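Enquirer: If you want the building blocks of each chain, they are given just below.
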Amino acid sequence: MHPATPPTAGMPAVPVHRTPVPRRRLFRGLIAAAVALPLAFGTAACGDDESSSDPNAPVTIEFFWWGGESRAKATEEALKLYTSKHPNVTITPTWQAFDGYYDKLATISAGGNAPDIFQIDDNNLTDYASRRVTLDLTDLVKDGKIDLSKHHAELTKYGQVDGKQVAIASGENTPAIVYDKTKLAELGVSEPQEGWSYQQYFDWAAQVTQKGGGKYWGTMDISSDYKALWLWLRTQGKEFYNGKQLGFTEADLVTWFKLWQEARTKGATPPADIVHEAVTGSVSTQLVVTGKAAVSFMWSNQLSELQKATKNELAMLPYPGDVKGQWPRASLYWAGSRTTEHPEVVADIINFLVNDPEAAKILGTDRGLPANLDVRETLEADISDNSMKATFAFENGLASKFGAAPPVPPKGHNGLRNKLRDIAESVTYGKATPEAAAKQFFAEASAALA
Amino acid sequence: MALTTAHQSAGAEANSATSGRPARKPRESGRLRRQEGRAGYVFLSPWLLGLMAITAFPMLFSLYLSFTNYDVLASWDQVEWVGLDNYQRMFTEDPSYWHAVRVTLTYALIAVPLKLAAALGVALLLNRERRGVGLFRSLFYLPSLLGGSVALALVWRAMFSGDGAFNDLLSLFGIEGAPWVNDPTWALETLMVLAVWQFGAPMVIFLAGLKQVPTDLYEAAAVDGAGKFRQFWNITLPMLSPVIFFNLVLETINGFQGFTSAFVISNGTGGPVYSTLLYTLHIYNEGFTEFRMGYASALSWVFLIAIGLITVVFFSTGRFWVHYSDGEN
Numbered sequence: 002m003h004p005a006t007p008p009t010a011g012m013p014a015v016p017v018h019r020t021p022v023p024r025r026r027l028f029r030g031l032i033a034a035a036v037a038l039p040l041a042f043g044t045a046a047c048g049d050d051e052s053s054s055d056p057n058a059p060v061t062i063e064f065f066w067w068g069g070e071s072r073a074k075a076t077e078e079a080l081k082l083y084t085s086k087h088p089n090v091t092i093t094p095t096w097q098a099f100d101g102y103y104d105k106l107a108t109i110s111a112g113g114n115a116p117d118i119f120q121i122d123d124n125n126l127t128d129y130a131s132r133r134v135t136l137d138l139t140d141l142v143k144d145g146k147i148d149l150s151k152h153h154a155e156l157t158k159y160g161q162v163d164g165k166q167v168a169i170a171s172g173e174n175t176p177a178i179v180y181d182k183t184k185l186a187e188l189g190v191s192e193p194q195e196g197w198s199y200q201q202y203f204d205w206a207a208q209v210t211q212k213g214g215g216k217y218w219g220t221m222d223i224s225s226d227y228k229a230l231w232l233w234l235r236t237q238g239k240e241f242y243n244g245k246q247l248g249f250t251e252a253d254l255v256t257w258f259k260l261w262q263e264a265r266t267k268g269a270t271p272p273a274d275i276v277h278e279a280v281t282g283s284v285s286t287q288l289v290v291t292g293k294a295a296v297s298f299m300w301s302n303q304l305s306e307l308q309k310a311t312k313n314e315l316a317m318l319p320y321p322g323d324v325k326g327q328w329p330r331a332s333l334y335w336a337g338s339r340t341t342e343h344p345e346v347v348a349d350i351i352n353f354l355v356n357d358p359e360a361a362k363i364l365g366t367d368r369g370l371p372a373n374l375d376v377r378e379t380l381e382a383d384i385s386d387n388s389m390k391a392t393f394a395f396e397n398g399l400a401s402k403f404g405a406a407p408p409v410p411p412k413g414h415n416g417l418r419n420k421l422r423d424i425a426e427s428v429t430y431g432k433a434t435p436e437a438a439a440k441q442f443f444a445e446a447s448a449a450l451a
Numbered sequence: 058m059a060l061t062t063a064h065q066s067a068g069a070e071a072n073s074a075t076s077g078r079p080a081r082k083p084r085e086s087g088r089l090r091r092q093e094g095r096a097g098y099v100f101l102s103p104w105l106l107g108l109m110a111i112t113a114f115p116m117l118f119s120l121y122l123s124f125t126n127y128d129v130l131a132s133w134d135q136v137e138w139v140g141l142d143n144y145q146r147m148f149t150e151d152p153s154y155w156h157a158v159r160v161t162l163t164y165a166l167i168a169v170p171l172k173l174a175a176a177l178g179v180a181l182l183l184n185r186e187r188r189g190v191g192l193f194r195s196l197f198y199l200p201s202l203l204g205g206s207v208a209l210a211l212v213w214r215a216m217f218s219g220d221g222a223f224n225d226l227l228s229l230f231g232i233e234g235a236p237w238v239n240d241p242t243w244a245l246e247t248l249m250v251l252a253v254w255q256f257g258a259p260m261v262i263f264l265a266g267l268k269q270v271p272t273d274l275y276e277a278a279a280v281d282g283a284g285k286f287r288q289f290w291n292i293t294l295p296m297l298s299p300v301i302f303f304n305l306v307l308e309t310i311n312g313f314q315g316f317t318s319a320f321v322i323s324n325g326t327g328g329p330v331y332s333t334l335l336y337t338l339h340i341y342n343e344g345f346t347e348f349r350m351g352y353a354s355a356l357s358w359v360f361l362i363a364i365g366l367i368t369v370v371f372f373s374t375g376r377f378w379v380h381y382s383d384g385e386n
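Quick note, the sequences are listed as chains A and B, same order.
One gets this note's numbering by counting positions in the first sequence from 1 and adding 1 to each.
One gets this note's numbering by counting positions in the second sequence from 1 and adding 57 to each.
The set of hints was computed from the structure by calculation and includes no laboratory data.
The structure displayed is predicted, hence computed values, not measured ones.
Cβ atoms here follow ideal geometry from the backbone N, Cα and C, with glycine treated the same way.
Certain hints may be false.
[To be verified] Listed next, the stretches of chain B that the computed footprint assigns to chain A, with coverage defined by at least 3 CB atoms under 8 angstroms from CB atoms of chain A:
| id | stretch |
| --- | --- |
| 1 | 127 to 134 |
| 2 | 234 to 245 |
| 3 | 326 to 339 |
| 4 | 342 to 348 |
[Stated by the list, open to error] Quick list of simulated restraints, FRET-style, between CB atoms:
| id | chain 1 | residue 1 | chain 2 | residue 2 | range |
| --- | --- | --- | --- | --- | --- |
| 5 | A | K182 | B | V207 | 33 to 41 angstroms |
| 6 | A | K312 | B | V207 | 24 to 32 angstroms |
| 7 | A | K245 | B | L120 | 28 to 36 angstroms |
[Unchecked claim] Only part of the chain B face toward chain A is listed, based on derived beta-carbon distances under 10 angstroms:
| id | residue |
| --- | --- |
| 8 | R146 |
| 9 | E150 |
| 10 | D151 |
| 11 | P152 |
| 12 | S153 |
| 13 | S218 |
| 14 | G219 |
| 15 | S323 |
Between the sequences and the hints, there should be enough to build the whole structure, so can you do that?
Expert: Printed below as a string of structure tokens:
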């Protein structure tokens with residue numbers, strides 16, 4: 002440690018002119034500050050050097066995620082459990098709603114200040130990993146700092162980019178349709194069935210609209226969503242991506258747009274403006290909870306959050322089409338920052354969150370089923386919440402039918418899926434034909450993926 | 058700048074000489090002037106440093122970035138010089154660019170004149186001395202206090218959605234409204250209404266301008282038998298033309314820079330169907346959503362030049378219609 006420098010020590014005598022005393026004092030203060038500041042930084046730097054060798058030295062970890070109130074409560078509680086076991090670690094949790102999360106993450110990452118640990122989804126993973134924002138966890142996994150031996154192999158694989166483990170699945174979840182059981186019973190329409198083709202599904206939805214009496218529609222129009230398109234392609238043995246290129250043709254996209262065009266003519270879907278509102282809205286403004294449509298297209302882990310927004314009973318099914326299009330999917334991961342000063346602590350916290358049974362109990366199924374299969378089993382035996390039970394039942398029911406997991410979407414995916422959203426919308430609003438829209442999408446896709 | 062400082066310090070010196078401080082010899086005074094000049098820069102330095110660090114440097118840096126493939130997240134060793142690629146892409150390969158240009162021009166060309174007309178109209182009404190006019194001035198200014206705020210845009214989105222308050226109001230009169238912000242035909246118009254509604258700032262400037270018009274001109278005109286309209290056309294407008302010019306330039310620049318309302322109301326998408334894709338929103342999306350910051354920088358520079366050109370056009374046509382009364386009398 003450097004001795005504290007007394008403010009006046011070693012200062013040259015200031016020549017005395019007519020300068021009034023206070024100003025001289027100020028001057029001295031400034032010089033003292035100029036001397037003292039680098040000293041202070043110097044000692045801080047010394048402190049850092051020591052911490053990397055001493056496992057009990059105090060460490061501060063920034064931790065960032067998006068989500069709602071209940072996720073925040075659970076996550077903070079789980080982190081507290083960790084710090085109570087590791088008193089030298091201080092975790093600074095920051096969370097916010099999904100809107101604006103990536104804007105913030107991008108700007109702070111650009112400034113080189115990415116949080117030590119952050120939540121990320123499969124839409125953005127490659128964008129961040131290929132630009133080396135994320136910490137390469139491969140060696141930490143190899144050294145057993147993060148234990149993935151009990152994890153679902155496909156989930157582990159879905160966290161790899163270019164052969165490196167760049168993120169750890171924080172849970173398993175699957176795209177799912179969520180429907181309003183209560184309302185369907187009221188209308189006297191039977192519930193939808195797993196494994197229906199889109200045609201069967203649309204006929205059913207049109208029937209709901211018919212009985213709904215004008216201001217209630219059968220199904221959300223999800224034609225602008227890459228997830229739905231991807232699953233639909235997979236049921237036909239195709240993929241959304243083939244490496245860094247699109248894995249389907251313009252003709253496929255035309256067929257997809259026309260499929261939904263048909264649904265619109267049948268009256269299965271609400272008008273474009275209501276669809277647009279839901280597409281640009283949040284979880285709590287989805288049509289199934291705002292009482293405008295019987296079905297919304299969501300994620301399986303979102304059921305409990307949706308259920309909180311409505312009194313009607315909700316239920317869940319896979320997307321229409323053959324279930325083999327689905328795969329055990331991690332839509333959310335934990336990732337570390339490449340610029341972190343404490344990669345081992347980062348690894349240890351992630352390891353705790355995904356493998357500790359107590360942590361799993363606190364976190365529940367909010368980010369999906371635990372990726373660790375042992376932990377998953379323990380949790381399942383333990384839960385009482387009905388929506389969580391439904392999430393479990395849903396994923397378990399799919400487990401034997403899952404297809405193989407594709408690679409994580411490539412760099413540029415996030416921009417491309419926005420293009421699909423905008424271009425598909427021009428069809429929904431009747432501003433473009435399916436053919437013209439598909440053509441435009443393919444014209445823009447190559448630039449987006451470059 | 059240096060000239061002004063020197064001039065002012067000389068003036069200060071003259072003042073101090075008259076106020077009884079001992080007069081200095083010329084040589085000494087030259088040294089003093091230099092010293093005070095230096096002192097002037099020292100006092101300016103917080104602002105000057107701010108300008109350099111916060112405005113000038115980032116601007117020039119973005120000019121450099123516009124010739125690179127900088128993508129926000131990548132480290133510097135991944136940044137490559139790409140020459141004019143970004144500029145070429147803008148004009149040849151980016152269909153959204155032309156959407157953005159069209160939307161922004163429509164927005165500015167309609168919203169700015171309407172806003173100025175509303176500001177001038179209300180200023181004329183509020184220029185009369187009546188009881189309670191102060192209250193009305195404050196009330197009309199109120200919307201502008203809220204500025205380009207996110208809260209206001211959120212309110213707008215809720216009010217002008219399909220089942221929003223505005224359509225409830227219309228239904229009282231048996232009119233079935235459109236889904237406004239969710240309708241590609243009306244979304245941009247809804248944003249324009251928001252912009253026009255916030256006419257407070259130009260209104261206050263118009264009011265100040267109206268106060269400057271000498272009343273004897275109106276009296277003389279009234280004696281000559283000029284009606285209210287003639288007085289407005291031949292006295293108010295010409296006397297107000299410098300203020301109109303000022304407001305026009307400022308509001309046009311403001312109009313082109315509209316961002317918050319479009320960003321919030323369309324949730325960053327610029328939708329429905331590109332209808333609210335303002336140029337600034339396109340820049341934002343390219344830079345921060347799609348990580349093409351080099352391209353976004355190029356977009357910004359073209360935008361800056363375009364706004365600059367429009368301002369130049371205003372200034373060069375201004376001498377044909379802007380009437381500066383002082384100097385002629």
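Enquirer: Taking the hints in turn, state whether each one holds.
Expert: Here's how the hints hold up against the structure:
Chain A is given as covering the stretch 127 to 134 of chain B, and this holds because 5 residues of the stretch bring a CB closer than 8 angstroms to a CB of that chain, at least three being needed. Evaluation of the coverage hint for the stretch 234 to 245 of chain B: fulfilled, as 4 residues show C-beta separations to chain A shorter than 8 angstroms, against a requirement of three. Counting residues of the stretch 326 to 339 of chain B whose beta-carbon sits less than 8 angstroms from any beta-carbon of chain A gives 6, enough to reach three: the coverage restraint holds. Only when three residues or more bring their CB closer than 8 angstroms to a CB of chain A does the claim for the stretch 342 to 348 of chain B stand; here the count is 5, and the claim holds.
In this structure the hint that A/K182 and B/V207 lie 33 to 41 angstroms apart at CB holds, the actual value being about 37 angstroms. Distance hint for A/K312 and B/V207: a CB-CB separation of about 31 angstroms, consistent with the stated range 24 to 32 angstroms. At about 31 angstroms, the beta-carbon gap between A/K245 and B/L120 stays in the expected band of 28 to 36 angstroms. Hint on B/R146 holds. Least Cβ distance to chain A is approximately 8 angstroms, under the 10 angstroms limit.
Satisfaction of the interface hint for B/E150 is found here, the shortest Cβ-Cβ separation to chain A being roughly 6 angstroms, below the 10 angstroms cut-off. The beta carbon of B/D151 is positioned within 10 angstroms of a beta carbon in chain A (closest approach about 8 angstroms), and the interface hint is therefore held. At about 7 angstroms, the closest approach between the beta carbon of B/P152 and any beta carbon in chain A falls short of 10 angstroms, and the interface hint on this residue holds. Here the hint on B/S153 is kept, as its CB sits about 8 angstroms from the closest CB of chain A, short of 10 angstroms.
Look at B/S218: its Cβ gets to within about 6 angstroms of chain A, closer than 10 angstroms, so that hint holds up. A hinted interface residue such as B/G219 counts as satisfied when its beta carbon comes closer than 10 angstroms to some beta carbon of chain A; here the least separation is about 5 angstroms, so the hint holds. Here the hint on B/S323 is kept, as its CB sits about 7 angstroms from the closest CB of chain A, short of 10 angstroms.
Every hint, counting from the list given before, is met by this structure.
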